[in-house]
Amino acid sequence: MMRITFLLCLAFISCQLFKTRSPETPTEVTEQLGWKQPITPEITLENLRNAIYYRNTENYIRCFVDSNFSDKRFTFVPTQEAQIQYPDIFRNWSLNSERNYFNNIKTNVPQGGTSDLVLSGSFQSFGTDEAVYYASYLVNFQHVVKDVPQSAKGNLQFYLVSDKNGNWVIYKWIDIKIQNEFSWSELKAKFSY
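The sequence shown runs -19 to -1, 1 to 174 under mature numbering (1 follows the signal peptide of the UniProt record, and there is no 0).
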């Protein structure tokens, strides 16, 4: 009996069952997923690029306004051509629509496939808590859906605001078509099912 008690005590001490470990800091966890605290509009765009690159839906959605932390509501304005071609899809486009589109496209990118976003533009600030980003874009998803281009190209306007937590988020997105190019709006429509 004494031997069993001794072995149990030895096992208990060596395992350190009640010793707490140091938790990972939020920075360590989120940086692994390509996410940084969006304390500037530039970081928000970096997070958006990383969310597309890693095809991380939650980080993608975190780039957009959460009405729990802002009086702004998310708005996506498709190209005029896409609005005419897909009126039912874009009539009530919401953050949930963004989530569905993103989930649908990422499930069609096979393992080893790539995705990326290239933005080239500039910011115009409106005070300390609002900005507009004007840019040309090229977004690529190496998906396997036939008859749908893997790249979309156009111009966009992102309207950003600093929310109640001090995080910069996109609250309005305007897509502008470049003649004869497949737009991001069209890509969203094709994967909005």
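There could be a bad hint or two in this list.
[As the list claims (entries may be wrong)] Below, simulated DMTMM-like cross-link-like pairs (lysine to aspartate or glutamate); rule was C-alpha separation at most 20 Å, straight line:
hint, residue 1, residue 2
1, K87, D128
2, K87, E23
3, K153, D47
4, K153, E79
5, K158, E62
6, K53, D69
7, K171, D52
8, K134, D144
9, K145, D47
10, K17, D144
11, K17, D110
12, K134, D52
13, K153, E23
14, K145, E62
15, K171, D128
16, K171, D47
17, K53, D110
18, K153, D128
19, K171, D97
20, K145, E111
21, K171, E23
22, K87, D52
23, K134, E79
24, K17, D52
25, K134, D110
26, K153, D52
27, K87, D97
28, K134, D97
29, K53, D97
30, K145, D110
31, K87, E27
[Said to hold, decoys possible] Distance ranges between label pairs, derived from CB positions:
hint, residue 1, residue 2, range
32, L119, K17, 21 to 31 Å
33, G93, I65, 16 to 26 Å
34, I42, V126, 18 to 28 Å
35, D128, F107, 19 to 29 Å
36, S75, Y34, 18 to 28 Å
37, T21, I42, 13 to 23 Å
38, F104, N146, 17 to 27 Å
39, I42, G93, 19 to 29 Å
40, G147, Q92, 13 to 23 Å
What the hints contain is simulated information worked out from the structure, not anything from laboratory work.
Where a beta carbon is used, it is the ideal one built from N, C-alpha and C, also for glycine.
Quick rundown of the hints versus the structure:
Between K87 and D128 the CA atoms are separated by roughly 17 Å; this keeps the pair inside 20 Å, and the hint holds. The straight-line distance between the Cα atoms of K87 and E23 is roughly 24 Å, outside the 20 Å bound, and the hint therefore fails. Annotation: proposed proximity of K153 to D47 holds, straight-line Cα distance about 12 Å (limit 20 Å). Distance check on the hinted pair: K153 and E79 sit about 13 Å apart at the alpha-carbon level, within 20 Å; holds.
In summary, the hint linking K158 to E62 is supported, as the alpha carbons are separated by about 8 Å, within the 20 Å threshold. For the suggested pair K53 and D69, the alpha carbons sit about 24 Å apart, so the restraint of at most 20 Å is broken. Distance hint between K171 and D52 is unfulfilled; the C-alpha atoms sit about 31 Å from each other, more than 20 Å. Of the pairs offered as hints, the one joining K134 and D144 is violated, with about 29 Å between alpha carbons and a cut-off of 20 Å exceeded.
Note on K145 and D47: the hinted pairing holds, with a Cα-Cα distance of about 10 Å set against a maximum of 20 Å. Restraint check: the Cα-Cα separation between K17 and D144 comes to about 16 Å, which is no more than 20 Å; the hinted pair holds. Only pairs whose Cα atoms come within 20 Å are accepted, and K17 paired with D110 is accepted, the gap being roughly 18 Å. A threshold of 20 Å between alpha carbons decides the hint, and for K134 with D52 the separation of about 31 Å lies outside it, so the pair is violated.
A C-alpha spacing of about 16 Å is found between K153 and E23, which places the hinted pair at or below 20 Å, so the restraint holds. At most 20 Å may separate the alpha-carbon atoms for a hinted pair to count; K145 and E62 exceed this at roughly 36 Å. With a C-alpha separation of about 10 Å, the suggested pair K171 and D128 falls inside the 20 Å cut-off, and the hint holds. Restraint check for K171 and D47: the C-alpha separation of about 25 Å exceeds 20 Å, so the hint is violated.
A hinted pair counts as satisfied when its Cα atoms are at most 20 Å apart, and K53 with D110 qualifies at roughly 12 Å. Simply put, K153 and D128 have alpha-carbon atoms about 29 Å apart, too far for the 20 Å limit, and the pair is violated. Distance hint between K171 and D97 is fulfilled; the C-alpha atoms sit about 18 Å from each other, no more than 20 Å. This hinted pair checks out: K145 and E111 have alpha carbons roughly 12 Å apart, not beyond 20 Å.
As the CA atoms of K171 and E23 are separated by approximately 29 Å, the hinted pair breaks the 20 Å bound. For the proposed pair K87 and D52, the alpha carbon gap of about 30 Å is over 20 Å, so the pair is violated. Restraint check for K134 and E79: the C-alpha separation of about 18 Å stays at or below 20 Å, so the hint holds. This hinted pair does not check out: K17 and D52 have alpha carbons roughly 23 Å apart, beyond 20 Å.
The straight-line distance between the Cα atoms of K134 and D110 is roughly 29 Å, outside the 20 Å bound, and the hint therefore fails. In summary, the hint linking K153 to D52 is supported, as the alpha carbons are separated by about 13 Å, within the 20 Å threshold. Between K87 and D97 the alpha-carbon distance is near 12 Å, which keeps this suggested pair within the 20 Å criterion. This hinted pair checks out: K134 and D97 have alpha carbons roughly 12 Å apart, not beyond 20 Å.
Proximity of K53 to D97 is assessed by CA-CA distance (about 28 Å); at most 20 Å being required, the pair is judged violated. For the hint linking K145 to D110, the alpha-carbon distance of about 10 Å falls within 20 Å, and the restraint holds. The straight-line distance between the Cα atoms of K87 and E27 is roughly 19 Å, inside the 20 Å bound, and the hint therefore holds. Under the hint 21 to 31 Å, the C-beta atoms of L119 and K17, about 23 Å apart, fit the expected range.
Distance hint check for G93 and I65: the Cβ-Cβ separation is about 37 Å, which falls outside the suggested range of 16 to 26 Å. Hint check: I42 to V126, Cβ distance near 22 Å, so the stated range 18 to 28 Å holds. Distance hint check for D128 and F107: the Cβ-Cβ separation is about 42 Å, which falls outside the suggested range of 19 to 29 Å. Between S75 and Y34 the CB atoms are about 24 Å apart, so this pair conforms to the stated range of 18 to 28 Å.
Judged by the Cβ atoms, the range 13 to 23 Å given for T21 and I42 holds: they are separated by roughly 19 Å. A C-beta distance of roughly 21 Å is found between F104 and N146, which places it inside the suggested range of 17 to 27 Å. For I42 and G93, the hinted distance range of 19 to 29 Å is satisfied, since their beta carbons lie about 25 Å from each other. Checked against the hint of 13 to 23 Å, the pair G147 and Q92 fails, with Cβ atoms roughly 37 Å apart.
Hint check: violations occur at hints 2, 6, 7, 8, 12, 14, 16, 18, 21, 22, 24, 25, 29, 33, 35, 40; the rest are consistent with the structure.
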